[in-house]
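Could you fit the two chains together into a complex? Lean on the hints.
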Amino acid sequence: MSTTTVQQSAGGAPVPAIAPASAPARRRGRRSAAGSIVSHGLLILASLIALFPIVWLVYLSLGPDKDDYLHPGGIWSKMTLDNYSFVLQETAFFHWLQSTLIVSLGTTLVGVVIAATTGYAVSRMRFPGYKKFMWVLLCTQMFPIAVLIVPMYQILSSLQLVDTYLGLILVYCSTAVPYCAWLLKGYFDTIPFEIDEAGRVDGLTPFGTFFRLILPLARPGLAVAAFYSFITAFGEVAFATVFMLDDEKYTFAVGLQSFISEHDAQRNLMAATAVLIAIPVSAFFYLVQKNLVTGLTAGGTKG
Amino acid sequence: MTVAIDRATGKRSGDRGPRSGLGRRLKHSYQKHWYAYAMIAPVAVVLGVLVLYPLAYGLYLTLTDATSLNTARTIGVNEIEATYKFIGFDNYADILWGETSYDRFWSHFIWTIVWTALCVALHYSIGLGLALLLNQKLRGRTFYRLILILPWAVPTFVTVFGWRFMLADSGIINSALETLHLPSPAWLEDTFWQRFAAIMVNTWCGVPFMMVSLLGGLQSIDSSLYEAAEMDGASRWQQFRYVTLPGLRSVSSTVVLLGVIWTFNQFAIIFLLFGNTAPDAQILVTWAYQLGFGQQPRDFAQSAAYGILLLGILIVFTSFYRRWLNRDEQQLAI
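Protein chains in written order, with our numbering: chain V, 76 to 378; chain L, 981 to 1314.
In case anyone wonders, no lab produced these hints; they're calculated from the structure.
All residues carry an ideal CB built from backbone N, CA and C; glycine is no exception.
Any given hint could be a false lead.
As the list claims (entries may be wrong) - Coverage of chain L stretches by chain V, computed from C-beta distances (three or more under 8 Å per stretch; other residues unrestricted):
id	stretch
1	1037-1043
2	1087-1093
3	1257-1269
4	1278-1286
Next comes chain L alone, as it looks inside the complex (with noise of 0.2 Å):
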């Protein structure tokens, strides 16, 4: 894994020489590594002044009552102050707990979840089935990988148009399901209906990364690792579970990580498939969204203490996800 050795000058990062005063050592240390820290400095500098500041001035901004109509801000030539008060911690009591917060936050946070485990299942599971398939000897099977990549190609802001021309009223979708005399929902209106629409559409959009991922997967392992279970008689469900499980245990848990950020960060699908027409079907990126953006006034505390709480779901999930992935090592990853 993490291999401790600084290549860059050949030396072993445990090389440290006799412990000395700490004046010295940091003076050591910043001989020793002067150059790699003049190479992040970039980065470190744009990630302090375009994230860092921003996320402080939003958490700032969390504890305030600011909206659209006290915030500093310039009208023709007047120039207005802002007006907006320092409240504590009240915006995130209101959201978590206040009245009415079942409908504000709890409903929404319960679908994101359900959003997100259920896409991100489908995506890996119909990835992995299509990963397997292409990976025998078939005829043909480098143009059905091409065929099958192509929603990812097309850009997701074009292809959930095309899903809302098929899903409206009287689209295709409906019209074929009349002709099979079949109950036609009304996908983009009916709460129920709506979540499955997006949960559709983002399957469709999102199966193509995993299935390709996986496939590289399976084409890293070693095939005489299924001769020798097949030697020891094993059956093609045990050498699916002991030989190809294991053997994308790597790709498959930095996919999943992958998939489930993306997932739960979704914003294009959703934004577009509904606009402001689906209180309901809105998980949580989208809801912070229209609170800030798609409502008059803005309420720009409110929705700026959803982003932090989004980031904090995700940062205790990803830190336990990474926790649980490195049970058996003795060293974390990262």
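Here chain V stands alone, though its shape is the one from the complex (with noise of 0.2 Å):
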């Protein structure tokens, strides 16, 4: 991303315009005291909708009776980490934890082993047959959970693989692998061919050159790829919640939703495990953001 910030003001006081466009008093560069009240108060507004949903799951988390979310007014009085302690120690927590751990780096790492050679190849080599090969990475991706999922219960169930991570894993690839060979093929796009051409004159083959030249200088894209295929796999709900049928076997985002059955809606368990849930993968997810969002856009545009 490129650090050249367009300046845009909200109506600006007229100034002649013959200043030098670099001179630090040029017109563009300034704003009026009311543009920019406006402009705060309304990213103000915008932060504080982004932000109290989640501070609210926050606070009802500290109530300790089910019910304290209808009278939220209360929990001030009587705040207390027993939620969280319960969580941890009663409730299958760490179980949930291992198999949506399980599971997810199972996903990562088929994933992006599987389609490294293959974003490379796209990236690289026009072959015959390169247009619809892509056209068919794209396809994959905007496959509606409900096409698949069916054949899929059937033929996992024919396998004995329902209620295994295994399957879950192997359902998941169907996703994350076309999406990381997308993924990677812009960040490829992004390593200057003259490496490739480098390593050519040198003697080594494609193979040669993929292997020791560019996968080492990929290692960003490759953990843009991971990270994403992560989150997806952490934060899938629909194949997991048929697919997962043994309550250990539970992924937080099944998990989750055992807490509020027909006959019990513990709902402060709920909001405490959803804060705990939600801490490490968002402090992760701020680390990473920034080339999330170079890696998603350049992989589209750059047919």
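Encoded structure:
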């Protein structure tokens, strides 16, 4: 992302436009006080809207009773961390954590390893069938879950893979693999072709070029692809809900739903669990989000 | 756009040599491209096994009357053979113009289109507005950016439950509305308000992605274009219309396409917000899920048929969209 910032003013004071473009006194760099206040006001409003549901969830997680969300005023006086200790000690939280990590990391690993060479091939080589292949990669990204969920369920149950981690990993790979290939292609496109050519001149095979030169250079791209498949597998709801039956094998997305059943709604515990899940993932997200966007849009525009 | 040069070998893909017999050409093509095929082989195999085979199997299922009562299953130690039979295109005919097809398909179809159009329009316009605000020299804009990105950073299945608490009958939103002496709608029960709530939550979740992408696009517009426009006496609106919007074209086309696909397929928000309680607020994806897994007996064939119809709609849309985008260019991007 370039650092040139276009300064846009919300109506600037008319200054003779003779000033040289680089001078600090140029017109568009200035803003009237009113424009600045309006901008700040809008941004503060938007930030509050973005922040509120999450702050509210954190606040409710501190209330000891399951109906406290209905009279939130009472929580101030009896704030407690009991929900958290209960969730960590009495529920299947760590089982869920374990299965979520197994499934997400498994998907990530398989997705990135399989997709890497393909991303390179579609970035550098034009082979017969190239366009069709790219079209297939794009199409698989728009598969609604409804297309694959029924046949996958049938196939996995005939293979006895329902309610196993391997089954869920395989299902997630059907979206993660083409996605990673697409994303990595976008990243490989940014690595100069001259590096390949240098490698070729020095007598490396295309595979040698890829493994010895390009792959080490592409580490940030690989990290983004890995992170993205991790996040998608982590947050997936539909497949996990259908395919995981044993409540010790639930992923977080399913486990969190299980707090609200027909008989009982332990909303305080649910809020606490939600907060516990959200903190590490969001922290991690902030570390890589900038690369994430670049990767996403680059892969799409440079067909 | 597409550079037709094989950069790994440095040969032009047009350099095929003299045209010879088909056999020779195939052999030649194989010798020239075998490493490309070897490199895409892993993904091709995975796609074949994990996507194309299930897709073909699903297509076959839509031509049968499979439900959870007549498919092969194991109960205890007994293995029961599948007894469903081939019924041709009856499922599709039934969905599209069978009795009560309006309630079962067309009403959901219309709602899905409305949902997708409204959500993407809201995502894009709010995202663009915030991106424009953040693109100014403003004190604390990094701080604003970090906060505004939060709905994207927290997993959706977590935030949806936060919204559920807020939208509940005596939740914070209705309490606030009552304090202001405004009507407090039944967000999670009444159909209109369910739809309203779903769009609201999805907008809240989807804006940050648009905002960040469009901000990246804005920052890559050459600032000398604005200077030139100003010299020519363009008003602020004209600058926006003739410099900013064209400058965002390539980013916009991608994020809008992604946004349409994601919103059309958005499962988690509606499913987690309403569960099985809101038949009228289900978009096609969640409705297909409900047919296949949310009821007894599970209607696998119909659910799969909905899936195929959905995929068809998306593919048709995407081809038209890409053709429309590339209308000025000689060669299609893909």
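Closer than 8 Å Cβ to Cβ for three or more residues is the test here. Does the stretch 1087-1093 of chain L pass it with chain V? Coverage by chain V is violated for the stretch 1087-1093 of chain L (0 residues, Cβ < 8 Å).
Count residues of the stretch 1037-1043 of chain L with a Cβ under 8 Å from any Cβ of chain V, then say if the count reaches three. As far as the stretch 1037-1043 of chain L goes, the hint holds, because 3 residues have Cβ atoms under 8 Å from chain V.
Using C-beta distances, would you say chain V covers the stretch 1278-1286 of chain L, given that this needs three or more residues below 8 Å? holds (count 4)
Residue count check for the stretch 1257-1269 of chain L against chain V: does it reach three with CB-CB under 8 Å? Result for this restraint: holds, n = 4.
Violated hint for the displayed structure: number 2, the only one.
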